Amino acid sequence: MKRVGIDVGGTHTDLVLFDDEDHTLSVLKVPTSVDDPARASLDALAQLCEDAGCNVGDLDYFMHGTTIATNIVLERNGAKTGLVTTEGFRDILHIARHKRPQTFSLQLDLPWQSHPMVPRRRRFAVRERVCGPDGEVLTPLDEEQMRSVAQRLKETGVEAVSICFMFSFLNPVNEIRAREIIEEEAPGIFVTTSHEVVPQYREYERFSTTTLNAFVGPKTSAYLRRMEGELRKSGLKAPLHLMQSSGGCATVDAASRKPVSLLLSGPVGGLLGGIWCGKSAGVDNVISLDVGGTSADIGVAPGGEMQFKHLLNTQIADYHAMIPMAEVDAIGAGGGSIAYLDAGGQFQVGPRSAGANPGPACYGLGGSEPTATDCLVALGWIDPARFLGGRLPLNGDLARQAIEKHLAGPIGSSVEEAASGAIRILTHNMVQAIEVNSVRRGYDPRDFALVAFGGAGSVFAAAIATELSIAKVIIPTAPGLTSALGLLAADISYDSGQTVMTDTADPDFEALQSAYEALESDARSQLARDGFAEGQIRLLRYADCRYLGQGYELRAEAGGGPVDEKFAAHLRKSFDRAHHRAYGSSFPDKAVQIVNARVVAVGNIPELPVKSDVDGGSTGQTPEPRTTAPAAFHFDGRIQIVDTQRFRRTDLASGHRIEGPAIIEQMDTTTVIPPNRTATVDHAGNIIIPIAGGM
Amino acid sequence: MNPAPNNNTNDLVTLRVLGGAFNSIAREMAEVLYRMSNSSIIRESEDLGCGIFDATGRELCESETSPMHIGSIPFYIRGVLKKLEGDIDEGDIIIHNHPYFGASHTPDLAVIQPIFVDGNLVGFTGATAHLIDVGAAVPGLNTDLIDIFGEGTLYNGIKLFRKGKRNEDVWSILADSVRTPDMNAGDIEAMIAATRRGRDRFLELASRYGLDVVLSAANHWMDYSEQRLREAIRQIPDGDYQAESWLDNDGRNFEVPLKVKVTVMVRGDEVTIDLTGSADETSTAFNVPFDGSLKVACYYAVRTLLLDQALLEEFVPQNDGMFRPVKVEAPLGSIFNPRYPRACFARMAQCQRLIDCIIRALAPVIPERVTAGNAASVTSASYSGFDEAKGQYWVCVEVNEGSYGARATKDGLDTVDNLMANTRNVPCEELEMHYPLRVERYEMRSDSPGAGMWRGGVGHVREVRFLVDGFFSCNGDRFIEAPAGIFGGADGRPGSLTCNPDTDTAEAWPSKVSGYAVKAGALIQVMSPNSAGYGDPLKRAPQHVVEDWLDDIVSIEEAEQHYGIAIDPQTGAIDEERTAKLRSGDDA
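Those sequence lines, one after another, are chains H and S. Under this note's numbering, read the first sequence as residues 1 to 695, first letter to last. Under this note's numbering, read the second sequence as residues 1001 to 1588, first letter to last.
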């Protein structure tokens, strides 16, 4: 089997190809083509296949992670979107849940009000109403009014429309009709309806999720369709899968209709990759830090398990998306982060980024403001001649000039001092974000390893771990490609559900049975289309349940076989256990309500093996450095320029030991071993830097 | 800023870990409570609070839920200690809601569990939540009462569990004395689970790090928060700063407004909030319990103004340290310090108004930290009825939001819970799935907020129809005096409550309604206040006025009259010439 993972980030596109037969791994990293992200991916895939000596048509497994939808939301450059909603409910998106994100504040902003996805002038209310609790149509859609709203949407020049009617999760008839009318009156607009995107109750969360879907929809779906079309043209036969925010996957068709499910697509690949690398180094408790050009993604996986956000806490940039999401947080800190003095003379770094184009000043592509990368060059941590393995030579003079002009000059410091200051600020920003996700949640960093990757994670890792007393740092063998590798470490899984309201005291066996059968048969045929044989498919049944009277459900494992008394008794016990696990108590005498039948269908992918040939005959004798050159470090309270050994990562093997200060160079990143730290290489080729002991 | 550096970096890390763990435990407790509970006021509105406290009731941490709850639990614990000191055993679970012994008000029941280490009482975990009905005179909310006994059953340090054993008699009283026994039982079970979770997590910390280390970290963080607040108070010039306002009435004597007078006395790094000069205690339930509500409101106001989370880069935890530099005074027998057995069910409106006064009093000295006049209201509405088939009442309480006054550099926030309230709304779809009610309108008010260089926030309008006969109650205020504009900004607009609006039978109701009988088909409209403007409206950026016009927030006429901006309604373009005239005052 040949599997390929493609991770398209804001700055770089990473590809990995693993051949299960001979355990060879081929990798490639290229700049993202921001104007048309598909182009770079497709060209690079052709190159990668050529390098690996195969054709695109030979690939069996294709997993794609993309930050396209995420960046649209973060940069707020989505489609010009209109909202059609029920009369009387024009401002649900503006009111949200009427709760402030900060309790003790008068000067706060509510992002959904200060930066609405749909301003009030494009929110149209029409006469229609479905009501609870049974979904009865109280007022049919006023078609004439709907037609005139469709005309106005067209005149306004909207590119996407979100249709969000009250109670459509019970009865979608009015939403369906409204969609038809818009498609008639204004063909070509991306239309999305709330009952399709998230058929669950709570109007704000549903409206917001649906409107996000519209906001990211046109750009994301156009990208996906183009990718798929081109891949087919180049001979791809394997199904194309998208990594979703939940760690499960989606087909191109499903993801094009529901791009909102891709919001954490990129970061989840990183977290999966971090967990996998941790395992390869024998560590379960992992903090993953993926630093790219524009942002740093942080995930905490105690016990090697991805954590999930509660459905009511799944936000992106303060917009609510009621879809399953792994716990990964992003901050604006990366190699492209711009260092500047703000209006008050304060030294700031990020979140503004120079991106890939024009990129840092040292790229020589017209960037004039100094970025983190420029500072790393000025400090001597990055050798300008060897950036990206020498594929993208940097201009060190331009870096120094930018720092001198914008930072060192105005501050009155040396270039090294200014650069070191910027790097320390950026490090501190990442420390704070990791602290929020680990320490502030009661996880003790001394029990965790920091798996640092991405193009720049390994530059900062030792300094971050020192500040947080993290036990040790793990730098994977291919740090720049860890997210892409994470895509290969995942099984193909689909999670689907259907609402069946019934209770265990008097269950509607027939309805449940047919719901499970329908879900299972859909999932099975999907996995068959994905090329899985019957023996590779696992189907797991769950039910979302609650004690009668409660408002939130818990997922409980449900048994296989016929849905009968025995099934009900098993589920009841399983729910009591789940409730006890979650809340510390259970109530075996209370009636249990079943809300949704769920099926998780998994197509098993062979585990990605840990590379173990890195110790090929090594004697443990650390090789000579490639060279020794001065680099500036901040230690003992001041900037010191010291002779620093430079190693090629490719020269290192298991058992080698390197004393800091040292710099390890490889194609896709640079690892910095600060003064007074020692790194070793483990059996899997990871660089391990012990920091706070502990583990 | 981090806690004071210590030579031993390991200690420094431990401090930060424990500080983080405290806050994480409080949040986890709140999540257990609202996810497990039954009534919508807890699980949707999150009208609840959770925290950990030391053996004397000092707060180590609190959940970021509704600030009215969380700051109050220390007073509940001290109330309980007054009665049970020396008689608290491992495995006890105590309930408490007595407003004259620290409770915030009767419906906010606390569940308190002691924490024992090696046989010694070392602290408590506590959870409070608004129970949907506590067996008061009328279902849901009450104002027109003559004394505390009309508010419902009072629990003064009662053991629901004694040494781990359920006290079934108390459970019977809890069920038999209320209109919603099933719901209350589910909610109390959720509170017990939350406090148990808090206790278990605390014990895990104690066994890993040692109790001494945990308690000394707790002390450290309290000192840290205290220092930060003292430092901020020191920035304000010493002096007495005053503001006044008038509450609508007490819920029975509808023609008699009630004065709120606030003096903020700043001396060095301490501040005293003095309510002397405010109205006398009322003969209804419109009084504020001194410990459990008034002090909490004052602490909230001082912290929020001086350590505003949006202006702080670092996390400063909310704990006992925040209370130390703040003194609160109100004469016994006044509306802010009523005498037993005055009823005090309805206390939120007074607390909100006094915070609004504190903000206005300090506006001249910290103009960049204040707001113009806020809605400063919480119009709580209860809808109820008797379900013959089930033989039980149904009761639904909605905590209606408000809006915020404008700020020095930006507009006020629209349609959001304000000041001491920070609940979530009850989704309209939740309401209709579970109650014989239908929400017909929930959006922004259609009239404009207070004009200013920065405009006030817009309030909301919510219309709910009864589908069966039932009862309606409301605890609100701010239907008469509008939020006050500052630095040249205009006042906002008051709120209102109307039965069957825009019909021949329309009736304007007062802000306080206790158990009106309502027929099936009646539509109840609640409007919250529009808040006030900050600075001269003629200095508002013209484009912002156009944006507000495009969004139906100001009319063409208001754009001219209030802001001096002439907009062409066809093109949306600004008529520069007329605008210049309007703004220079030359327009005849």
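Treat the hints loosely; a few may be bogus.
[As the list claims (entries may be wrong)] Chain S regions said to be covered by chain H (calculated; three or more residues, Cβ under 8 Å):
| no. | segment |
| --- | --- |
| 1 | 1079-1091 |
| 2 | 1174-1188 |
| 3 | 1256-1268 |
| 4 | 1369-1378 |
| 5 | 1469-1481 |
| 6 | 1505-1519 |
| 7 | 1558-1567 |
[Claimed, not checked] 25 Å max Cα-Cα, derived BS3-like pairs, lysine-lysine:
| no. | chain 1 | residue 1 | chain 2 | residue 2 |
| --- | --- | --- | --- | --- |
| 8 | S | K1410 | H | K590 |
| 9 | S | K1159 | H | K590 |
| 10 | S | K1327 | H | K590 |
| 11 | S | K1163 | S | K1082 |
| 12 | H | K566 | H | K590 |
| 13 | S | K1082 | S | K1390 |
| 14 | S | K1083 | S | K1163 |
| 15 | S | K1327 | S | K1390 |
| 16 | H | K309 | H | K2 |
| 17 | S | K1410 | H | K99 |
[Claimed, not checked] Sample of chain H residues facing chain S (criterion: CB under 8 Å; computed from the structure):
| no. | residue |
| --- | --- |
| 18 | S26 |
| 19 | R100 |
| 20 | R121 |
| 21 | F347 |
If you're looking for bench data, these hints aren't it; they were derived computationally from the structure. From a predicted model like this one, the values you see are computed outputs, not experimental measurements. Just so you know, even glycine gets a beta-carbon here, dropped at the ideal spot from N, CA and C.
key: Hints violated by the structure (listed by number, smallest first)   = When the structure is compared with the hints, numbers 1, 3, 5, 6, 7, 8, 10, 13, 15, 16, 18 and 21 turn out to be violated.
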